[in-house]
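Asks: Protein chains in written order, with the working numbering: chain V, 434 to 657; chain Z, 98 to 452; chain Y, 34 to 342.
Using 27 Å as the maximum straight-line C-alpha spacing, the simulated DSS-like pairs for lysine-lysine come out as follows: (1) Lys608/V to Lys220/Y; (2) Lys608/V to Lys228/Y; (3) Lys334/Y to Lys189/Y; (4) Lys288/Y to Lys499/V; (5) Lys608/V to Lys252/Y; (6) Lys499/V to Lys286/Y; (7) Lys129/Y to Lys309/Y; (8) Lys286/Y to Lys334/Y; (9) Lys334/Y to Lys137/Y; (10) Lys189/Y to Lys319/Y; (11) Lys285/Y to Lys499/V; (12) Lys252/Y to Lys499/V; (13) Lys286/Y to Lys220/Y; (14) Lys220/Y to Lys499/V.
If you only want the chain V side, here are some residues facing chain Y, beta carbon under 7 Å, derived: (15) Arg504; (16) Phe521; (17) Ile605.
Covered by chain V, according to a simulated footprint, are these stretches of chain Z (three or more residues, beta-carbon under 8 Å): (18) 174 to 184; (19) 188 to 198; (20) 241 to 247.
By construction, these hints were calculated from the structure, which means they are not laboratory data.
Think of the CB as a built atom: it goes at the ideal place given N, C-alpha and C, for glycine as much as any other residue.
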Amino acid sequence: MTLGEWQIVWFTAWVSALSTLVILPFGLALAWALAWRDWPGKSIVETLVSLPLVMPPVATGLILLKLFGRRGAIGGFLHDRLNFDVIFTWRAVLLALSVMSLPLLVRSARVAFEEVNPRLEQIARTLGSGGWRVFFTITVPLAARGIVAGMILAFARALGEFGATIMVAGNIPGKTSTLSLTIFQDVQIGQDSSAFRLLGVSVVLAFAAVWFSEFLLRRKRKTR
Amino acid sequence: MSLLLKNISLPLESFALGMDVEVRGRVTAVFGPSGAGKTSLLDLIAGLRRAPSAFIQLDDRVLTDTAKHFSVPTHQRGIGYVPQDLALFPHLSVRQNLLYGCKPGGAAGRLFSFDHVIEILEIQPLTSRGVTELSGGEKQRVALARALLASPRLLLLDEPLASLDAPLKAKIIPYLTRIRDEFRIPMLCVTHDRSEALALADEIIVLVNGQVLQTGPVLDVFNRPASADVAAIAGVETLQAGVITDSHEGLATVKIHGATLTALAPATGTREVFGCIRGEDVILQRDAAASSVRNRLPARIMALRPEGALVRVELDAGFPLFALVTRPACAELALREGEPVTALIKTPAIHLVPR
Amino acid sequence: MTSERTKDFKPGVFRKAYHLCGRLVPIILKPAADRKIKLETNQPGAADVRASGGILQKLNDMKKTLVCALLLFTVARIQAAEISVFAAASLTDSLKEIAAGYEKTSGDKITFNFAASSTLARQIEEGAPADIFFSADEAKMDGLEKKGLIDTATRKSRLGNALVVVVTADSPLQIRSAGDLTTAAVKQIALADPKAVPAGIYAQAWLTRQQLWPAIEPKIVPTENVRAALAAVESGNVEAGVVYKTDAGISKKVKVAYEVPAGDAPAISYPMAMVKESSQPDAAKKFLNYLDSKEAGDIFKKFGFILRD
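Hey, can you work out the whole structure from these sequences and the hints?
Replies: Pasting the structure below:
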């Protein structure tokens with residue numbers, strides 16, 4: 434493996450990790466909202482959150498491209514007012530990874546929240562804990578395993594993201610080259626050996642991530 | 098302490114909860130069969146549930162007033178709650194559970210000191226353990242201690258003894274009385290067990306199908322149930338329909354299934370009544386010797402059921418009649434199934450309830 | 034009901050097939066007349082029901098023609114060839130127009146696979162079913178030839194092109210020389226991937242000759258093919274792009290800011306050849322000849338390509 438290849442692996446890993454952290458507060462809030470209450474518009478939000486999971490990734494990427502491009506609703510504002518560009522920068526990679534892996538986190542976290550006994554939260558309130566304290570001292574710790582499993586899945590998904598990334602970030606060497614994009618390009622230009630090396634790294638990373646997630650879930654079941 | 102529960106109206110699955118009472122005693126039992134809405138009532142008082150109509154006031158503080166759309170959030174009510182499933186936090190140690198409700202600022206803000214509480218409830222050796230390692234009785238005491246350490250002004254207990262077996266019940270009751278006496282916290286106890294109510298409570302509220310049927314001191318309600326429903330719940334063993342055939346000088350002659358009994362005449366001049374006879378008030382005798390007892394019924398023993406130190410004897414005196422006698426007495430009289438005995442019931446012990 | 038003629042087959046074949054159908058129909062389908070009466074006599078009391086002769090006759094004719102048409106359609110399809118052309122993305126519009134005209138006169142069908150020449154070369158190497166390869170640079174064709182995948186005898190380079198710098202149609206940017214691309218006003222420049230795609234390779238070669246490549250390289254946004262670079266400029270997400278003059282010509286959303294003089298850039302050449310493993314060698318050669326013809330040449334010129342006849 435060349436230095437350049439290791440740099441691509443490193444870039445992919447840290448942007449994936451960052452995207453997982455970025456989606457965590459928003460994902461947990463969504464998951465909690467979807468777990469407990471019944472509120473008007475809930476089914477619409479549920480469906481929207483699941484969309485990146487079932488739509489073709491390039492389709493999601495296209496939507497992001499239109500939204501965050503310089504002529505887009507959000508991108509235009511960022512470019513004109515804040516001189517801040519998203520498309521074709523590493524921020525676009527972060528955006529694509531976040532959007533594509535969010536549904537996985539929300540799903541796992543939601544299930545984990547639903548399994549928390551509501552009585553425990555109620556009793557915590559009678560003991561004088563307000564809403565936020567109950568959430569952080571009771572709900573989240575009890576849902577922790579499911580949340581962590583969700584984070585790992587999200588991370589693994591981010592590692593392997595391709596369709597949306599290539600749409601919004603392109604494959605700019607040194608700036609937005611991820612593992613998947615590089616494998617694709619290597620095959621295109623005939624650098625098969627490089628492609629296979631990176632393929633090996635991808636497989637190892639993905640395997641480790643999924644195996645660890647399953648391990649956590651198995652442990653959760655055992656302590657019941 | 099005074100807890101006002103006025104204009105309560107809460108629709109539940111098959112009936113509506115409605116009350117209008119003031120709770121004053123040190124320990125009040127909310128007594129009724131399972132599913133009568135008792136847990137919902139506690140939830141309402143704790144602020145865990147909303148009702149379409151409710152006015153709840155604890156001492157001088159209004160907690161809920163639906164007419165003004167006002168409701169104090171649960172965590173500000175200062176009402177301790179020990180639910181039936183105890184709800185100990187499984188991810189925290191016993192010590193962390195206990196300290197969960199303690200306000201920061203040390204002992205100053207607390208009504209009872211940590212050491213005092215764990216001493217009274219005898220849980221010192223448990224503090225470092227995990228919650229899952231505790232036995233049933235230990236969990237119960239930890240849950241009680243946790244609620245107390247949050248310095249509540251009122252303690253709600255949902256069937257505190259229901260999930261315990263008899264020996265354990267006997268062990269826990271003293272702790273509860275200690276809480277009542279040492280900590281002097283007013284308690285509202287939901288139960289469907291007569292002996293729990295008798296052991297703990299001063300006052301009792303009888304709740305059936307969401308409606309309050311009777312309130313008052315415990316013994317009053319048990320000895321003088323206001324209606325047949327209350328009588329049935331109060332566990333008066335024998336409850337049979339009868340007809341008053343004659344009544345004068347405060348005494349009534351009542352026919353119950355062919356047996357003629359003398360009882361105190363009820364206040365109203367009804368003819369159709371229920372006769373309530375508690376098992377404790379039925380004396381068994383082998384032969385029909387003379388005594389002051391007016392009511393002597395020949396009966397046949399149908400079944401014998403031991404209940405701790407007592408034996409419940411099911412008799413057929415023309416109608417099912419229950420007697421509670423001690424074990425030694427049972428052995429002394431050599432009571433056996435199928436044998437004939439005479440059942441003696443003092444007149445004042447037959448309580449007639451109009452039907 | 035009159036018999037139909039479809040566009041696909043030649044008149045002589047039609048007549049032969051019609052007679053063939055006439056003999057086949059009785060074998061394939063029993064005349065409706067017999068069938069219908071047979072059915073009805075099976076039912077009691079229906080003996081007096083008889084279909085009239087006229088309608089039955091028409092029904093028979095219809096069936097004959099239908100079978101005819103089906104047979105002829107199949108025959109015609111077998112006769113007419115379908116050629117698969119793998120061509121550089123920059124040839125999209127011109128080749129489509131050329132093919133439309135060719136299909137009308139030859140009866141053959143042309144299917145296209147437009148992509149970066151590097152991608153196409155790779156696909157052909159992996160065994161993709163191409164009949165003709167039309168590349169945007171000689172290197173890709175050489176690569177395939179070295180691997181023995183090309184019929185060298187059919188190879189011909191007829192087309193040339195020019196490089197231009199494009200900006201969005203409403204852009205205020207002025208590019209008067211290659212050096213203007215290094216200014217701060219130009220933050221990002223879209224190019225077909227210079228590692229592989231001919232358009233990008235040409236562009237990099239041009240900028241290297243001007244000794245500006247190191248300064249410009251950090252601004253490059255590589256795209257999958259030259260049309261994607263064009264689209265990037267159209268969307269406004271990059272300030273400028275380097276594409277072929279022919280690409281700039283077909284887009285209304287961009288304007289040419291600077292045309293690279295022929296001497297500054299390397300010579301652009303589009304070789305075309307038949308793939309050795311072609312399943313339709315005759316039809317492929319026929320189309321290649323057509324691509325070399327005057328009619329095709331006029332269309333190429335129309336789109337802005339340079340002819341080197």
